[in-house]
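Undergrad: Working from the sequences, and respecting the hints, build out all of it.
So for the sequence shown, our numbering puts the first residue at 3; every next one is plus one.
Treat the hints with care, as some may be off.
[Unchecked claim] Between beta-carbon pairs, the in silico distance windows are:
hint, residue 1, residue 2, range
1, Gly177, Ile101, 28 to 34 Å
2, Pro199, Arg97, 18 to 24 Å
3, Val121, Thr31, 39 to 45 Å
By construction, these hints were calculated from the structure, which means they are not laboratory data.
Just so we're clear, the structure is a prediction, and the values are computed from it rather than from any experiment.
Cβ coordinates follow ideal geometry from the N, Cα and C atoms, glycine included.
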Amino acid sequence: GALIYVVPTTRADCAWVIGMLARCLTFPTPELDEAADKVIAYLHQHRHEAVVFRKDVQRGAAPVAYSDSDWGVHPSTTGWVIFCATALVAYASKRQLCISLSSTEAEVMAASNAATEIVYQRGLLREMGVLLPAPTILYVDNTSAIALVKNSKSCVRTRHIERRYLKIRELIDSGHIEVKYVNTNDNTADVLTKALPRVDFERHKRSVLIQP
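TA: Structure (C-alpha cells):
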C-alpha cells in the first residue's frame, strides 16, 4: 500500500513495476517480496529526483503527450504521459480491460485512453487562461495504429474493436488532438509498459524526472 501511494504522485519511473506487484497482492511470493524491497531501496536512493517545470519558448504551456502499450497473450498494459511546460503533469500505467488481438489494437486502446486525458488537461489549461490555438500532439510509435485512428472506415481486421476505444477518432476530427509518429526509442511512455534495459530506462527517466 505504501508503494502504491507513490504511483499517482510523481514517481512515473516506478509505476510499471509497482503496478505489476499490485496484481499479486492476494498471493505474494518471497520473490515478489524481494522485488518490492528493491523498489523501496531504489526510491530511497533516488529520492531527490523530481518533476521540474521550465519555460519553453517554442511551445509555451501547450501539452504534449506520448502513448504506448506492450502486447501479449494476456491483457496488455497501457502507458501514457502528458507534459506541460516541459514537465510531467499526468501519466498512467494500467492493464487493459480486454485481450488485444494485435499490437495495433493494443496501441489504439492506449492512444484512446491518452486522448481522453488530453481533453481534460486542455480544459484545465483553458480555465487557467492558457491559450491553446493548436491541437495537442499525441505521439504513437505504431504506424498501423496511427493509420487506423485517422481512418474512419470499417474493415474486417478492425471492426471488432469496441467503439469506446475509437473515441480518439472523434477527438481528432474535432481538432483537439493530432496523432504523430515517434520512434520507439524516443517514446517516453515506453517506461510505463514494460521492463526495459538499463540504458533505455535511464534515458526515459531523464525525460520525466530530473536530478536536482
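Undergrad: Could you run down the list of hints and mark each one as holding or not?
TA: Hints versus structure:
Take Gly177 and Ile101: their Cβ atoms lie about 33 Å apart, and the range 28 to 34 Å holds. Restraint check, Pro199 to Arg97: a C-beta distance of roughly 23 Å satisfies the suggested window 18 to 24 Å. The beta-carbon spacing between Val121 and Thr31, approximately 40 Å, falls within the hinted interval of 39 to 45 Å.
Of the numbered hints stated above, none is contradicted by the structure.
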